[in-house]
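Peer 1: Use the sequences and the hints to build the structure in full.
Protein chains in written order, with our numbering: chain A, 197 to 381; chain B, 44 to 212.
Certain hints may be false.
What the hints assert, rightly or not - Within a straight-line C-alpha distance of at most 25 angstroms, the following computed DSS-like cross-link-like pairs (lysine-lysine) qualify:
id: 1; chain 1: B; residue 1: K75; chain 2: A; residue 2: K205
id: 2; chain 1: B; residue 1: K144; chain 2: A; residue 2: K334
id: 3; chain 1: B; residue 1: K106; chain 2: B; residue 2: K75
id: 4; chain 1: B; residue 1: K144; chain 2: B; residue 2: K51
id: 5; chain 1: A; residue 1: K205; chain 2: B; residue 2: K144
id: 6; chain 1: A; residue 1: K342; chain 2: B; residue 2: K102
id: 7; chain 1: B; residue 1: K51; chain 2: A; residue 2: K205
id: 8; chain 1: A; residue 1: K199; chain 2: B; residue 2: K98
id: 9; chain 1: B; residue 1: K102; chain 2: A; residue 2: K205
id: 10; chain 1: B; residue 1: K106; chain 2: A; residue 2: K342
id: 11; chain 1: A; residue 1: K334; chain 2: B; residue 2: K106
id: 12; chain 1: B; residue 1: K107; chain 2: A; residue 2: K199
id: 13; chain 1: B; residue 1: K75; chain 2: A; residue 2: K334
id: 14; chain 1: B; residue 1: K51; chain 2: A; residue 2: K334
id: 15; chain 1: B; residue 1: K75; chain 2: B; residue 2: K107
id: 16; chain 1: A; residue 1: K342; chain 2: B; residue 2: K51
I should point out that these hints are in silico values taken from the structure, not numbers from a laboratory. Given the structure is predicted, the values throughout are model-derived calculations rather than measurements.
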Amino acid sequence: MFKALHARKGIQLVIGLLLGIPFGFFLQKGGVTRYDVIIGQLLLTNFTVVKVMLSAVVTGMIGVHLLRSFGLATLHPKPGSFGSSVIGGLIFGVGFALLGYCPGTIAGAVGQGSLDGLFGGMAGILLGAGLFAEAYPKLDRFILRKADFGELTLPQLFKVNPWVVVLPVAIGIVFLLVLIERSGL
Amino acid sequence: MMEWLSLKEWSPYLVGFGIGLLNCIAFLLSDKPLACSTAYSRTSGMIEGLCLGPKVADKPYYKKFSPSIEWDWMLVLGIIIGAFISAMLSGQFHLEWVPAKWSVTFGNMPFVRWVVAFIGGILMGIGARWAGGCTSGHGISGTLQLAISNWLAAICFFIGGILTAMLIF
Numbered sequence: 197m198f199k200a201l202h203a204r205k206g207i208q209l210v211i212g213l214l215l216g217i218p219f220g221f222f223l224q225k226g227g228v229t230r231y232d233v234i235i236g237q238l239l240l241t242n243f244t245v246v247k248v249m250l251s252a253v254v255t256g257m258i259g260v261h262l263l264r265s266f267g268l269a270t271l272h273p274k275p276g277s278f279g280s281s282v283i284g285g286l287i288f289g290v291g292f293a294l295l296g297y298c299p300g301t302i303a304g305a306v307g308q309g310s311l312d313g314l315f316g317g318m319a320g321i322l323l324g325a326g327l328f329a330e331a332y333p334k335l336d337r338f339i340l341r342k343a344d345f346g347e348l349t350l351p352q353l354f355k356v357n358p359w360v361v362v363l364p365v366a367i368g369i370v371f372l373l374v375l376i377e378r379s380g381l
Numbered sequence: 044m045m046e047w048l049s050l051k052e053w054s055p056y057l058v059g060f061g062i063g064l065l066n067c068i069a070f071l072l073s074d075k076p077l078a079c080s081t082a083y084s085r086t087s088g089m090i091e092g093l094c095l096g097p098k099v100a101d102k103p104y105y106k107k108f109s110p111s112i113e114w115d116w117m118l119v120l121g122i123i124i125g126a127f128i129s130a131m132l133s134g135q136f137h138l139e140w141v142p143a144k145w146s147v148t149f150g151n152m153p154f155v156r157w158v159v160a161f162i163g164g165i166l167m168g169i170g171a172r173w174a175g176g177c178t179s180g181h182g183i184s185g186t187l188q189l190a191i192s193n194w195l196a197a198i199c200f201f202i203g204g205i206l207t208a209m210l211i212f
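Peer 2: Here it is, written out as structure tokens:
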């Protein structure tokens with residue numbers, strides 16, 4: 197039904213911008229565009245980041261799977277491998293702690309006036325992305341495909357209807373959030 | 044309404060709910076999940092192209108993700124604007140040289156903080172492309188699709204991040 201809309205590049209650029217504005221607004225209102233809040237999460241003293249992320253996951257997971265059940269959305273799981281997801285994830289994590297922002301929240305941090313985000317972090321991310329593009333052919337040949345598991349999702353792995361996984365995961369996340377609140381974090 | 048939009052902070056659950064809804068809208072209207080890190084790769088390629096000429100676009104990686112202004116690039120631009128509006132409305136906008144928590148432990152020299160942020164940024168730029176996504180693409184938009192690669196990457200972001208933060212603070 198929206199296939200024609202998906203193919204119209206000019207309108208898609210406008211939609212991207214119109215989705216980004218409330219995204220940045222929400223991130224700033226949630227406090228996750230602040231270095232102190234993100235580092236607090238990594239030091240396990242402030243659980244705001246986890247609260248925002250997990251409630252976004254529950255909402256989005258139920259919403260997107262509903263859209264999919266009605267034939268209004270297609271999933272786009274990313275392909276992955278041990279060599280890509282685990283090694284890349286750990287490198288990202290080290291950068292995450294040194295920088296104190298991530299690629300999305302740093303844009304929000306810049307919007308609220310953070311200069312270490314703009315001159316330090318953003319410049320670094322751009323250089324890092326460029327270095328990766330340079331090294332990509334070699335990395336792809338030797339590391340990125342190690343222990344490849346493709347675009348596999350949990351429902352596919354267990355060979356069940358997606359809702360059989362969605363509902364328990366949603367309940368588990370809500371339970372975890374209640375636990376976090378109860379322990380005063 | 045205005046009063047609510049000018050609040051300094053909203054409940055993290057409300058914010059998460061809002062981001063989850065935005066993700067649904069993105070899937071519906073754009074057939075894409077919300078994800079940020081690809082935009083940096085494109086920008087980096089565009090800057091490289093300005094310096095070294097159009098042959099940069101022939102690099103295998105830029106064949107996959109073209110160095111041009113796309114949907115995700117506009118999304119990141121929107122984030123800057125949206126956060127700016129939010130911070131202006133609540134009176135929180137200010138130029139910050141060094142974050143408070145950093146200066147308590149490491150002092151308030153901007154140069155030191157910026158060098159560490161720059162090194163962290165380089166690792167993050169490499170890691171995000173290596174893993175094929177960041178906190179938004181893997182951590183939120185990927186995990187909600189229940190893909191194994193996304194859960195694994197998101198967990199590794201936090202393992203690496205928590206260990207490093209505990210070491211330096």
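Peer 1: All hints are to be evaluated individually against the structure, with a verdict given for each.
Peer 2: Hints and how they fare:
Only pairs whose Cα atoms come within 25 angstroms are accepted, and K75/B paired with K205/A is accepted, the gap being roughly 13 angstroms. The straight-line distance between the Cα atoms of K144/B and K334/A is roughly 39 angstroms, outside the 25 angstroms bound, and the hint therefore fails. For the suggested pair K106/B and K75/B, the alpha carbons sit about 19 angstroms apart, so the restraint of at most 25 angstroms is met. Taking the CA atoms of K144/B and K51/B, the gap is near 19 angstroms; set against the 25 angstroms cutoff, the hint holds.
Taken as a hint, the K205/A and K144/B pair is broken in the structure, with Cα atoms around 43 angstroms apart against an allowance of 25 angstroms. Distance restraint check for K342/A and K102/B: the Cα-Cα separation of roughly 22 angstroms lies within the 25 angstroms cut-off, and the hinted pair is therefore satisfied. Note on K51/B and K205/A: the hinted pairing is violated, with a Cα-Cα distance of about 36 angstroms set against a maximum of 25 angstroms. Of the pairs offered as hints, the one joining K199/A and K98/B is violated, with about 33 angstroms between alpha carbons and a cut-off of 25 angstroms exceeded.
Restraint check for K102/B and K205/A: satisfied, since their Cα atoms lie roughly 24 angstroms apart, inside the 25 angstroms limit. Pair hint K106/B plus K342/A holds up; C-alpha atoms about 22 angstroms apart against a cutoff of 25 angstroms. Of the supplied pair hints, the one linking K334/A and K106/B holds, its CA atoms being roughly 15 angstroms apart against a limit of 25 angstroms. Between the alpha carbons of K107/B and K199/A the distance comes to roughly 22 angstroms, so the proposed pair stays at or under 25 angstroms and holds.
Between K75/B and K334/A, the direct Cα distance comes to roughly 29 angstroms. Violation of the 25 angstroms bound is thereby established for this hinted pair. The suggested pairing of K51/B with K334/A is violated, with an alpha-carbon distance near 47 angstroms, which exceeds 25 angstroms. Only pairs whose Cα atoms come within 25 angstroms are accepted, and K75/B paired with K107/B is accepted, the gap being roughly 16 angstroms. Under the criterion of a C-alpha separation no larger than 25 angstroms, the hint pairing K342/A with K51/B is inconsistent with the structure, at around 46 angstroms.
Hints 2, 5, 7, 8, 13, 14 and 16 from the earlier list are contradicted by this structure; the remaining hints agree with it.
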